[in-house]
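Peer 1: One-letter residues, chain by chain:
There are 2 protein chains.
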Amino acid sequence: MSGIDAASLIAGMGARARAAAVLLAAMPGAEKARALASAAAAIRADAAAIEAANAEDMAAGAANGLSGAMLDRLRLDAGRIEAMAAGVEAVARLADPVGQVIERVERPNGLVLTRVRVPIGVIGIIYESRPNVTADAGALCFMSGNAAILRGGSEAIRSNRAIHAALARGLEAAGAPADAIQLVPIADRAAVGAMLTAEGAIDMIVPRGGKSLVARVQAEARVPVLAHLDGLNHTYIHAAADPEMARALALNAKMRRTGICGATETLLIDRGFADPAPVLKALADAGCELRGDAEVQAIEPRANPATAEDWDTEYLDSILSVKLVDGPAEAMAHIAAHGSHHTDAIVTGDAAVAERFLAGVDSAIVMWNASTQFADGGEFGLGAEIGISTGRLHARGPVALEGLTTYKWVVRGTGQARP
Amino acid sequence: MSGIDAASLIAGMGARARAAAVLLAAMPGAEKARALASAAAAIRADAAAIEAANAEDMAAGAANGLSGAMLDRLRLDAGRIEAMAAGVEAVARLADPVGQVIERVERPNGLVLTRVRVPIGVIGIIYESRPNVTADAGALCFMSGNAAILRGGSEAIRSNRAIHAALARGLEAAGAPADAIQLVPIADRAAVGAMLTAEGAIDMIVPRGGKSLVARVQAEARVPVLAHLDGLNHTYIHAAADPEMARALALNAKMRRTGICGATETLLIDRGFADPAPVLKALADAGCELRGDAEVQAIEPRANPATAEDWDTEYLDSILSVKLVDGPAEAMAHIAAHGSHHTDAIVTGDAAVAERFLAGVDSAIVMWNASTQFADGGEFGLGAEIGISTGRLHARGPVALEGLTTYKWVVRGTGQARP
Numbered sequence: 165m166s167g168i169d170a171a172s173l174i175a176g177m178g179a180r181a182r183a184a185a186v187l188l189a190a191m192p193g194a195e196k197a198r199a200l201a202s203a204a205a206a207i208r209a210d211a212a213a214i215e216a217a218n219a220e221d222m223a224a225g226a227a228n229g230l231s232g233a234m235l236d237r238l239r240l241d242a243g244r245i246e247a248m249a250a251g252v253e254a255v256a257r258l259a260d261p262v263g264q265v266i267e268r269v270e271r272p273n274g275l276v277l278t279r280v281r282v283p284i285g286v287i288g289i290i291y292e293s294r295p296n297v298t299a300d301a302g303a304l305c306f307m308s309g310n311a312a313i314l315r316g317g318s319e320a321i322r323s324n325r326a327i328h329a330a331l332a333r334g335l336e337a338a339g340a341p342a343d344a345i346q347l348v349p350i351a352d353r354a355a356v357g358a359m360l361t362a363e364g365a366i367d368m369i370v371p372r373g374g375k376s377l378v379a380r381v382q383a384e385a386r387v388p389v390l391a392h393l394d395g396l397n398h399t400y401i402h403a404a405a406d407p408e409m410a411r412a413l414a415l416n417a418k419m420r421r422t423g424i425c426g427a428t429e430t431l432l433i434d435r436g437f438a439d440p441a442p443v444l445k446a447l448a449d450a451g452c453e454l455r456g457d458a459e460v461q462a463i464e465p466r467a468n469p470a471t472a473e474d475w476d477t478e479y480l481d482s483i484l485s486v487k488l489v490d491g492p493a494e495a496m497a498h499i500a501a502h503g504s505h506h507t508d509a510i511v512t513g514d515a516a517v518a519e520r521f522l523a524g525v526d527s528a529i530v531m532w533n534a535s536t537q538f539a540d541g542g543e544f545g546l547g548a549e550i551g552i553s554t555g556r557l558h559a560r561g562p563v564a565l566e567g568l569t570t571y572k573w574v575v576r577g578t579g580q581a582r583p
Numbered sequence: 165m166s167g168i169d170a171a172s173l174i175a176g177m178g179a180r181a182r183a184a185a186v187l188l189a190a191m192p193g194a195e196k197a198r199a200l201a202s203a204a205a206a207i208r209a210d211a212a213a214i215e216a217a218n219a220e221d222m223a224a225g226a227a228n229g230l231s232g233a234m235l236d237r238l239r240l241d242a243g244r245i246e247a248m249a250a251g252v253e254a255v256a257r258l259a260d261p262v263g264q265v266i267e268r269v270e271r272p273n274g275l276v277l278t279r280v281r282v283p284i285g286v287i288g289i290i291y292e293s294r295p296n297v298t299a300d301a302g303a304l305c306f307m308s309g310n311a312a313i314l315r316g317g318s319e320a321i322r323s324n325r326a327i328h329a330a331l332a333r334g335l336e337a338a339g340a341p342a343d344a345i346q347l348v349p350i351a352d353r354a355a356v357g358a359m360l361t362a363e364g365a366i367d368m369i370v371p372r373g374g375k376s377l378v379a380r381v382q383a384e385a386r387v388p389v390l391a392h393l394d395g396l397n398h399t400y401i402h403a404a405a406d407p408e409m410a411r412a413l414a415l416n417a418k419m420r421r422t423g424i425c426g427a428t429e430t431l432l433i434d435r436g437f438a439d440p441a442p443v444l445k446a447l448a449d450a451g452c453e454l455r456g457d458a459e460v461q462a463i464e465p466r467a468n469p470a471t472a473e474d475w476d477t478e479y480l481d482s483i484l485s486v487k488l489v490d491g492p493a494e495a496m497a498h499i500a501a502h503g504s505h506h507t508d509a510i511v512t513g514d515a516a517v518a519e520r521f522l523a524g525v526d527s528a529i530v531m532w533n534a535s536t537q538f539a540d541g542g543e544f545g546l547g548a549e550i551g552i553s554t555g556r557l558h559a560r561g562p563v564a565l566e567g568l569t570t571y572k573w574v575v576r577g578t579g580q581a582r583p
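Residue numbers (our numbering), protein chains in the order written: chain A, 165 to 583; chain B, 165 to 583.
Hints may be right or wrong, so weigh each one.
[Unchecked claim] If we take Cβ atoms under 10 angstroms as the criterion, some of the chain A residues that face chain B in the derived model are: (1) D169; (2) A170; (3) V265; (4) V269; (5) D367; (6) L390; (7) M409; (8) L413; (9) R421; (10) W532; (11) N533; (12) A539; (13) G577.
[Unchecked claim] Covered stretches of chain A (in silico footprint by chain B; criterion: 3 or more residues with CB under 8 angstroms from a CB of chain B, positions within the stretch not fixed): (14) 330-343; (15) 434-445; (16) 478-485; (17) 543-550.
Treat the hints as calculated values from the structure; they're not laboratory data.
Backbone N, C-alpha and C define an ideal beta-carbon position, used for all residues, glycine too.
Whole structure, please, built from the sequences with the hints as guidance.
Peer 2: Here you go:
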């Protein structure tokens with residue numbers, strides 16, 4: 165299919181999405197929740213068909229030489245399909261953000277202004293491999309009153325079609341517009357380009373995937389993008405840290421799961437900290453490769469030498485760069501120079517130092533005496549997340565329903581003309 | 165100066181702005197207010213020099229054939245310079261948004277999360293002709309904790325330099341970083357291009373000027389843009405409108421000032437409205453050209469025929485398109501098809517119809533029984549405005565200090581590791 169065809173396809177989907185978005189914007193929260201419950205039931209009813217479609221994707225993926233990790237992300241079984249349906253139900257239980265009054269002002273001339281949360285409109289989601297995003301992202305957009313145009317990876321297209329068919333049937337059965345959640349039906353990459361330039365048809369794009377996908381989206385998009393790029397996170401053990409807490413948090417922040425964006429990638433340790441050896445020993449014992457200079461290697465002999473590149477590397481693996489610093493100023497300067505403004509933590513018993521760190525480190529999430537692995541919408545109590553934004557505008561950090569809304573100003577008067 | 169030189173210039177200014185922004189982000193509100201008061205005093209002290217620089221711009225502008233309207237926008241006199249200084253003082257009196265806690269959540273595991281307002285960082289302002297923007301926009305960015313890179317029109321460069329010199333001296337005298345407000349020193353248009361692509365150095369661009377400037381910025385920018393495009397606003401007189409209120413609001417909404425973005429451009433009148441003739445007569449008597457079909461011309465003989473183009477035209481002049489409609493559904497459909505999502509108003513005594521209009525019209529500002537000319541940050545009680553956003557993300561409608569901030573998540577724990 166040529167680029168022009170992809171553009172017409174996306175324009176047509178955008179027009180249907182806009183019409184659905186108008187209906188969705190006015191739909192009460194309880195009605196949206198009922199429609200999502202119906203969609204979840206349809207996913208359960210279609211479990212066998214979804215699993216069969218997924219088996220075809222898996223076979224094609226294996227034939228095309230997808231890596232084991234890719235195949236695992238692609239795979240759906242009964243448990244994962246049930247988790248997907250339960251996830252849609254969990255989104256349906258979230259509070260409806262639409263219609264919330266953010267602010268109310270009465271002016272001296274009697275005008276009453278309220279700032280009211282409304283949906284953004286049409287959201288484009290571009291994602292890779294994991295087919296559960298079809299249901300998760302579709303549900304989050306729907307519950308926040310937005311129509312969604314979903315474009316999953318070509319390797320998952322049969323799975324995504326099967327999941328989407330269930331979602332659409334479930335929505336329709338509940339009297340909701342099926343066009344509220346649409347799936348781009350073609351695998352052609354030109355469809356991605358058409359979405360990225362669909363100004364006016366798509367109001368915001370959320371890429372969900374690896375760095376190369378996100379980088380392409382950010383480079384080509386004319387539509388605003390809400391994106392997550394790097395999670396080059398630091399945990400800083402201050403001199404006044406409790407040694408046992410420092411050991412436990414460093415271990416958890418790095419090793420609980422190494423592949424998630426909230427994992428710590430660089431450990432900064434004050435030269436004044438009493439007990440660095442047990443911290444590094446616990447990490448090395450857990451199978452973490454440590455990288456540092458001679459001073460670090462003197463503390464933990466299993467550490468390897470670090471190169472300049474290490475301080476700018478998001479490993480997403482069992483590797484940790486370790487650096488000794490002389491106090492908070494040097495730690496904060498290192499984070500400013502090498503961090504990605506995602507999540508950075510300090511471990512200390514000194515409240516004044518902690519507050520200085522929390523105020524001075526310019527990251528979406530700053531933490532005191534907690535594991536950076538808590539950087540997650542569910543852990544933040546948001547119920548779910550469409551992603552974590554490392555941009556500075558609109559929404560920052562974990563993004564859930566509220567980040568998928570905007571607001572309007574509603575002005576009520578009694579005939580006021582402006583003098 | 166070549167494009168490459170402009171890029172290096174902007175990169176250098178960006179680096180100095182970033183350093184200043186770090187200091188500004190931590191500066192207490194009272195200290196920022198004192199620095200702005202000092203800047204206002206410096207503007208007053210430099211009034212003669214500013215006026216002399218402006219006289220040179222005026223002479224050059226006249227020699228270059230600038231229109232009378234352009235020359236009026238460019239002109240500074242003692243009154244306008246005093247107003248500029250007073251404007252900076254007014255910004256200094258606004259509440260500091262930085263550090264405000266938007267939300268506080270305590271999680272079952274004991275983690276305490278607060279969402280805290282912080283500055284965006286470095287804001288680029290690209291503007292035309294009116295030199296007072298140098299002071300206004302610089303002060304708004306400063307008070308919200310952001311460093312500003314200002315790029316005014318080449319026709320005002322001497323005036324802008326003189327105003328900027330005063331601002332910078334005033335800030336420095338108060339111990340604030342002069343690099344917090346920088347002015348691009350060259351008139352080369354390549355500087356605009358360099359700003360628009362300065363990802364990482366500039367966090368947000370705000371264009372202030374005519375449609376061609378804003379359109380160029382939106383087309384070329386890789387940096388996020390907070391922009392105002394069209395103000396194709398409607399006033400809809402519902403059947404249940406009070407006739408005298410309808411007359412007064414239509415007249416004010418169109419004719420109070422025709423050149424501002426909140427002016428009404430299209431008047432929709434219900435066929436069921438009792439008394440359209442006095443409304444149209446008042447407008448025609450006030451010198452407004454009316455454009456409509458035969459039905460409209462039958463009501464007001466001075467009306468001219470409307471073409472299809474009229475419904476999509478932002479006149480910014482004493483011209484008004486007028487259309488008769490059959491009730492709220494047709495009015496709202498017309499607004500959806502032809503409006504620019506800026507400001508739309510209904511005049512009616514029927515509260516249920518009004519609420520349906522307020523909920524169903526997808527504009528940044530929706531009004532009931534009020535003049536669309538109230539679409540203004542000052543009138544909304546925001547104290548000042550950097551502009552009115554017609555985009556849907558980050559900020560919508562009048563944007564003042566809060567729209568120049570973002571937030572960070574601050575997580576305080578007692579050693580929590582994630583299970």
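Peer 1: Look at each hint and say if it fits the structure.
Peer 2: Each hint, compared with the structure:
{"no.": "1", "hint": "D169", "in the structure": "violated, 25 angstroms"}
{"no.": "2", "hint": "A170", "in the structure": "violated, 22 angstroms"}
{"no.": "3", "hint": "V265", "in the structure": "violated, 13 angstroms"}
{"no.": "4", "hint": "V269", "in the structure": "holds, 5 angstroms"}
{"no.": "5", "hint": "D367", "in the structure": "holds, 5 angstroms"}
{"no.": "6", "hint": "L390", "in the structure": "holds, 8 angstroms"}
{"no.": "7", "hint": "M409", "in the structure": "holds, 4 angstroms"}
{"no.": "8", "hint": "L413", "in the structure": "holds, 6 angstroms"}
{"no.": "9", "hint": "R421", "in the structure": "holds, 9 angstroms"}
{"no.": "10", "hint": "W532", "in the structure": "holds, 5 angstroms"}
{"no.": "11", "hint": "N533", "in the structure": "holds, 4 angstroms"}
{"no.": "12", "hint": "A539", "in the structure": "holds, 9 angstroms"}
{"no.": "13", "hint": "G577", "in the structure": "holds, 3 angstroms"}
{"no.": "14", "hint": "330-343", "in the structure": "violated (count 0)"}
{"no.": "15", "hint": "434-445", "in the structure": "violated (count 0)"}
{"no.": "16", "hint": "478-485", "in the structure": "violated (count 0)"}
{"no.": "17", "hint": "543-550", "in the structure": "holds (count 3)"}
Violated hints for the displayed structure, listed by number in ascending order: 1, 2, 3, 14, 15 and 16.
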